[in-house]
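Novice: Given the coordinates of chain A, work out where chain B should sit on it, guided by the hints.
Now for the letters of each chain:
2 protein chains.
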Amino acid sequence: MQTEGRLPLNMKILIEGEEEVGSEVLEKYLTTHADRLACDCVVISDSAQFAPGKPAITYGLRGIVCYELLLNGPDRDLHSGSFGGSITNPANALATILAGLIDDQGRVQVPGFYDDVVALTDREREAFATLDFDEADFFRQVGVESAQGEVGYTALERRWARPTFDINGLWSGYQGDGPKTVLPASAGAKFSFRLVPNQTPEQVTAALREKVAQLCPPGIRFELIAFHGGPGVMVPLESPYIKAAARAIEHAFGTPPVFTREGGSIPIVATFAETLKADALLLGWGQDDDNTHSPNEKFCLADFHRGIKASARLWQELSQIATRQVPSKPTGGDRWDLAGR
Amino acid sequence: MQTEGRLPLNMKILIEGEEEVGSEVLEKYLTTHADRLACDCVVISDSAQFAPGKPAITYGLRGIVCYELLLNGPDRDLHSGSFGGSITNPANALATILAGLIDDQGRVQVPGFYDDVVALTDREREAFATLDFDEADFFRQVGVESAQGEVGYTALERRWARPTFDINGLWSGYQGDGPKTVLPASAGAKFSFRLVPNQTPEQVTAALREKVAQLCPPGIRFELIAFHGGPGVMVPLESPYIKAAARAIEHAFGTPPVFTREGGSIPIVATFAETLKADALLLGWGQDDDNTHSPNEKFCLADFHRGIKASARLWQELSQIATRQVPSKPTGGDRWDLAGR
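Same order as they appear, the protein sequences are chains A and B.
Anchor point for the first sequence: position 116 equals 132 in my numbering, and the numbering is continuous, going up by one each time.
Anchor point for the second sequence: position 255 equals 271 in my numbering, and the numbering is continuous, going up by one each time.
So that you can see chain A by itself, here it is in the shape it has in the complex (with noise of 0.2 Å):
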């Protein structure tokens, strides 16, 4: 506004106090209110640099589907010497039906699990492999020396671009010291996948009913509750929005941003992109090592004032896109190239 006397563009800000609390509102603000939002693009700062002096736009974003498991079996604990053998014991059906969901690849048991999953592409693939992520470094800094996960991946691309079956939380029985000999009555399991475009929250729940049914065993009586979910988000790269932020940062930083995705999930990213048919730039300016959400968060003063200029560049480079003109959404059968590198 300083420069041109106006602002290049139009502008709308939201501002969103509750993305720690699920966005409710903000869910319900944006269908009621979709036509006073209309768009062509959505900026939304709620990512990461890749590492210092490596800005990154964030482009693909994993989505996420929850679950609790509860498997009935007798309608009470019982004697484990009494009866144990001839009465299924929930537990032991949990750790199957649990281990049932994946396999020795890694690959989740779910039918038609992998259908609509994006495959990353070669080029994608050679991005990836180009940044300096050094695995043994990851590994250390979380206290393991390896880890196991899909074949085939690099944790870099697993954690990044690959779904997951991750078990949140387990309890049954008798949890105190020593040992009890119980058969316990019940057991229970929270479980969440990661999903990647274009899996939705909706089939994976309706395959898996179907699953958990053919591995729960005689005696047992189950129920599933799924809770909220939200798909992944993948802008592709040839996007004419996702080249005006690659010149805004370059600009503001002094070097070209690298290309990455996110293994945690935005859900209202989806909603926008549902709601106003809009595409997301995520563009954000922390680091890795902010303590995000921990004791001492802090935020680099420098990337502070790069990031006021980045986005100052943005709206002018943003306004010289005359039209909307953006690739509709990558499917499952498509080639999808890192066009806009």
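Incorrect hints may appear among the rest.
[Said to hold, decoys possible] EDC-like, lysine to aspartate or glutamate: derived pairs with alpha carbons at most 16 Å apart:
#, chain 1, residue 1, chain 2, residue 2
1, B, K196, A, E36
2, A, K196, B, E84
3, B, K196, A, E35
4, B, K227, B, D51
5, A, K293, A, D56
6, B, K259, B, D51
7, B, K196, A, E84
8, A, K325, A, E266
9, A, K196, B, E35
10, B, K325, B, E239
11, A, K44, A, E290
12, B, K227, B, E239
13, B, K44, B, E290
14, A, K196, B, E36
15, A, K259, A, D56
16, B, K28, B, D56
17, B, K293, B, E35
18, A, K44, A, E34
[Unchecked claim] One-sided and incomplete, this derived list gives chain A residues near chain B with beta-carbon spacing under 7 Å:
#, residue
19, S96
20, N312
21, C316
[What the hints assert, rightly or not] From the derived model, a few chain B residues whose C-beta atoms are all more than 12 Å from chain A:
#, residue
22, N26
23, V160
24, G194
25, E290
26, L317
27, D319
28, F320
Just so you know, the hints here were simulated from the structure itself, not pulled from any lab data.
From a predicted model like this one, the values you see are computed outputs, not experimental measurements.
Beta carbons are placed, not taken as given, at the ideal position from N, Cα and C, and that holds for glycine.
Specialist: Same frame as chain A, but now just chain B:
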């Protein structure tokens, strides 16, 4: 003493007040005073009749060995989005390991687990089949409609005479309301095997440790804690003591006893056998509906009086067995028949 003026045999009475808390002191006492306690036969009343009007001699008990398995992965709980897929999840590993200890036929997958199992003989299975045991009714009593167990055996056979694997407790990660997208740092389980003659806790523990090491994936450190256990017990039915007890029971109850085994464990019985080289007679007068260890526990007065009469007669019968002539313990390879029926 009223009829003969003196007891017809030498009797040593041992009163145990700690059976429900592991009999640790008794075990030490037996070892220390083995010479003083030397005897031909140990009579224990800690079992039950098979049903009203069906007094029983319990000729077999299962053994037991209990464990705690602790798995540790990353040094703290991780975000399942940022790390899921790239770091091994201890709760996933726990499900895989536990499920890997038993196959879909209900067979324990610890190497050598069945090597020393004394098989049910055809005559034993026939004898079990003639007992008035209704599976549907048994299931109904604990609130289930059916059950899964080791393929090829009836519920009664599985309960009395086959070894088991039962998970007694599970814990990991988040157990509260709703979902939480955590990749837990650790996971744990309690589990136990019921053993049958001639399995030993020591052999199972050694083989289990190797099996768990095989099943434990990269990125997970495991700790396997073995708690106190004990082997199963089986008194050969051709034992002259068993025959003497059968005559005493028929005298007192007006009907011959049925021969039953018991799924539970009384580890001290094996200690008696090992320390004193004496066989055990398990003669108990309780009923299934006595509410043992539960509110309104009872004991039928008629059974009390019949039990007294059977015990008095037993001393007479035992006194007529001149010398120790008990057959040796059955071994895994032997053919072992219900010769004593």
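Novice: Next step is simple, just say for each hint if it's right about the structure.
Specialist: Going down the list of hints, with the structure as the test:
1. Annotation: proposed proximity of K196(B) to E36(A) holds, straight-line Cα distance about 12 Å (limit 16 Å).
2. Between K196(A) and E84(B) the CA atoms are separated by roughly 10 Å; this keeps the pair inside 16 Å, and the hint holds.
3. Of the pairs offered as hints, the one joining K196(B) and E35(A) holds, with about 15 Å between alpha carbons and a cut-off of 16 Å not exceeded.
4. Annotation: proposed proximity of K227(B) to D51(B) is violated, straight-line Cα distance about 41 Å (limit 16 Å).
5. Distance restraint check for K293(A) and D56(A): the Cα-Cα separation of roughly 8 Å lies within the 16 Å cut-off, and the hinted pair is therefore satisfied.
6. Among the hinted pairs, K259(B) with D51(B) is inconsistent with the structure: their alpha-carbon atoms are about 27 Å apart, more than 16 Å.
7. Only pairs whose Cα atoms come within 16 Å are accepted, and K196(B) paired with E84(A) is accepted, the gap being roughly 10 Å.
8. In summary, the hint linking K325(A) to E266(A) is supported, as the alpha carbons are separated by about 10 Å, within the 16 Å threshold.
9. Between K196(A) and E35(B) the CA atoms are separated by roughly 15 Å; this keeps the pair inside 16 Å, and the hint holds.
10. About 53 Å separates the Cα atoms of K325(B) and E239(B), which puts this hinted pair outside 16 Å; it is violated.
11. The hinted pair formed by K44(A) and E290(A) meets the criterion: a straight-line CA distance of about 13 Å does not exceed 16 Å.
12. Among the hinted pairs, K227(B) with E239(B) is consistent with the structure: their alpha-carbon atoms are about 13 Å apart, no more than 16 Å.
13. Restraint check for K44(B) and E290(B): the C-alpha separation of about 13 Å stays at or below 16 Å, so the hint holds.
14. In summary, the hint linking K196(A) to E36(B) is supported, as the alpha carbons are separated by about 12 Å, within the 16 Å threshold.
15. Restraint check: the Cα-Cα separation between K259(A) and D56(A) comes to about 15 Å, which is no more than 16 Å; the hinted pair holds.
16. Pair hint K28(B) plus D56(B) holds up; C-alpha atoms about 11 Å apart against a cutoff of 16 Å.
17. A C-alpha spacing of about 21 Å is found between K293(B) and E35(B), which places the hinted pair above 16 Å, so the restraint is violated.
18. Between the alpha carbons of K44(A) and E34(A) the distance comes to roughly 12 Å, so the proposed pair stays at or under 16 Å and holds.
19. The beta carbon of S96(A) comes within 5 Å of a beta carbon in chain B, closer than 7 Å, and the hint placing it at the interface holds.
20. Proximity of N312(A) to chain B is violated relative to the hint, the smallest CB-CB distance being about 16 Å (cut-off 7 Å).
21. For C316(A), the interface hint is violated, the least distance from its beta-carbon to any beta-carbon of chain B being 20 Å, above 7 Å.
22. Listed as outside the interface, N26(B) is consistent with that label: its C-beta sits roughly 33 Å from the nearest C-beta of chain A, beyond the 12 Å cut-off.
23. V160(B), annotated as away from the interface, has a beta carbon of chain A within 12 Å; the closest lies near 5 Å.
24. Look at G194(B): its CB is around 6 Å from the nearest CB on chain A, not clear of 12 Å, so calling it non-interface is violated.
25. Non-interface call for E290(B) relative to chain A: holds, since the shortest CB-CB distance, roughly 20 Å, exceeds 12 Å.
26. Separation of L317(B) from chain A is adequate, the least Cβ-Cβ distance of about 25 Å exceeding the 12 Å criterion.
27. The Cβ of D319(B) lies farther than 12 Å from every Cβ of chain A, with a closest approach of about 19 Å, so its non-interface assignment holds.
28. The non-interface label for F320(B) is consistent with chain A: the shortest C-beta to C-beta separation is roughly 23 Å, beyond 12 Å.
Consistency note: the structure conflicts with the earlier hints numbered 4, 6, 10, 17, 20, 21, 23, 24.
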